[in-house]
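Q: Kindly generate the complete structure, drawing on both the sequences and the hints.
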Amino acid sequence: MNTAKKLSQTKLPEQKRFLRRLYVSTLIVLAFTGFGQMPIFKRYGISSIPGMGWSADFYTTHYIHYIGAIVLLALITYALTDFLVSGRKTSRLTIAAYVQIILLSGIVITGIFRVLKNLPDVVFSPAFTMFIDLAHLGLMIFYMVTALIFLLTGRKWLNPRLH
Amino acid sequence: MEKGLTRRSFLKSGLAAAGAAAAASVALPATVRGAGKNELATLIDIRKCIGCEACVEACREVNKKKYPEPVKPFPRMYPSSVKISDWSGKRDVTDRLTPYNWLFIQHATVTVDGNKKTFSFPRRCMHCQNPPCADLCPWGAARKLENGISVIDPDICLGGSKCRNVCPWKIPQRQTGVGLYLKLLPSLAGNGVMYKCDRCHERVARGELPACIEICPEKVQKIGPREDILKEAMDISRKIGGYIYGADENVGTNTIYISPVPFQELNRAIEKGDGKPHLKKVEDYMAHADTLAKAMLIAPFAGLAAAALRLANVSRRTKEDMK
Ligand code: SF4
Ligand code: SF4
Ligand code: SF4
Chain H
1 MNTAKKLSQT KLPEQKRFLR RLYVSTLIVL AFTGFGQMPI FKRYGISSIP
51 GMGWSADFYT THYIHYIGAI VLLALITYAL TDFLVSGRKT SRLTIAAYVQ
101 IILLSGIVIT GIFRVLKNLP DVVFSPAFTM FIDLAHLGLM IFYMVTALIF
151 LLTGRKWLNP RLH
Chain B
1 MEKGLTRRSF LKSGLAAAGA AAAASVALPA TVRGAGKNEL ATLIDIRKCI
51 GCEACVEACR EVNKKKYPEP VKPFPRMYPS SVKISDWSGK RDVTDRLTPY
101 NWLFIQHATV TVDGNKKTFS FPRRCMHCQN PPCADLCPWG AARKLENGIS
151 VIDPDICLGG SKCRNVCPWK IPQRQTGVGL YLKLLPSLAG NGVMYKCDRC
201 HERVARGELP ACIEICPEKV QKIGPREDIL KEAMDISRKI GGYIYGADEN
251 VGTNTIYISP VPFQELNRAI EKGDGKPHLK KVEDYMAHAD TLAKAMLIAP
301 FAGLAAAALR LANVSRRTKE DMK
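Sequence lines, in order, name chains H and B. Going left to right, the first sequence walks through residues 1 to 163 as my numbering numbers them. Going left to right, the second sequence walks through residues 1 to 323 as my numbering numbers them.
It should be emphasised that the hints constitute simulated quantities derived from the structure, not laboratory data. This one's a predicted model, so the numbers in the text were calculated from it and none came from an experiment. Yeah, the Cβ is synthetic: ideal placement off N, Cα and C, and Gly gets one too. Warning: the hint list may mix true and false statements.
Pulled from the structure, derived: some chain B residues nowhere near chain H, Cβ distances all over 10 angstroms [claimed, not checked]: (1) I50; (2) N63; (3) V71; (4) V82; (5) I84; (6) K170; (7) A205; (8) A247; (9) K272; (10) D274; (11) K281.
Some, not all, of what chain H presents toward chain B, calculated at C-beta under 10 angstroms [stated by the list, open to error]: (12) K42; (13) Y44; (14) Y66; (15) I70; (16) L75; (17) I76; (18) P120; (19) A127.
A: Okay, here's the thing in structure tokens:
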């Protein structure tokens, strides 16, 4: 049995499921804490729901957002390496996957700039700062909308390669 | 003459900062630049202040044109629990920070050598070196200029008040009924514009002094490159056995106070509350962002290592199978 086949087989369903769950929950946490960077949770009463008081504390949501970003970055590199080395031999990316990957890359890149901007002694031009802020938010909204469409229409990220 | 802080040297550094600010205003391509070197700081020697409020008046005079002229009636807010902030009928309030008063005089009566003594000193935005207001503004309306001045753009600000919420001194003040939110979804998002001291950045860019510094009859304030200001503050503090505030607060601000009495004592003696900032010790508000940014650099390597480990495991098992 060749290594590629072996790799696809050893990708245990539980492991796959765990990674997918981790990815989805990380994105949900990132989306929630990301939206929480806008002053809306207090205004719209989310923070008055028992147990949700923390959601109006910008430092708490910011902290969680950064932790989420760390997990996401590790997950992305893991999945990318795994796919490039072994996965692509047995499956190919669908159009839906390309759309999601492009949006995700945009989110990650704008997020990196946002993190850089928050470092002491780093100053961006005003227009660029605004562009980064709005693009990060806009791309995430697009990501969520497309993810929902793909979920409802049953589109997956991978199709098996037929040899 | 005290070192390095003459009007001429200020003009020189002001012009250098103006050049840097002009370069920074080129929108694209955006660049990441170290800002530390060009930062201007002010020195406030509270021993000299007589509480005449000439600085307060000067600030109000030069900034009058920037003050909000709200449209009334204000849009109905949803949910109705959302509070509006209207200072337009209380423009003459000068004993606290408001959207129409970006500088006020704080008073503290303390005991020095057994005698009661009252100190007065100007309070306004500290112009943090790493300002949470600018770092955490979700729209890029609040931002720090290369010369260390932090400003809030009234054309972009939606008045959500996050900058005040995250500010260690709760400086920015809101006026409802003005700004961009009126053109978007006025009832559902935004609530006006936030206002605070912008260190007269247009005057500084022209090489002029901020109005409050220029007018002061007692020369309480000085402005200059941060390094020089800090050095002078240290020298004075050593000479008088005094105390410094702002050098390390929130890791460092561009406003350095000098006092002959500890700031804890002054903090106890001042009136504090809405629009009346404290003088407490302030830890690094953005420390988590700096630490976690470093962890973010490591995250991709962790992902890579985990993938490599899995691939190595599988390939080892394949080899074992083949034996
Ligand atoms: S800082 Fe100067 S102008 Fe302002 S109150 Fe004190 S003495 Fe007067
Ligand atoms: S004192 Fe507050 S408003 Fe001023 S720069 Fe610091 S965080 Fe911003
Ligand atoms: S620097 Fe300018 S805006 Fe700031 S308090 Fe002084 S006069 Fe007012």
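Q: Please list, smallest to largest, the hint numbers that this structure does not respect.
A: 4
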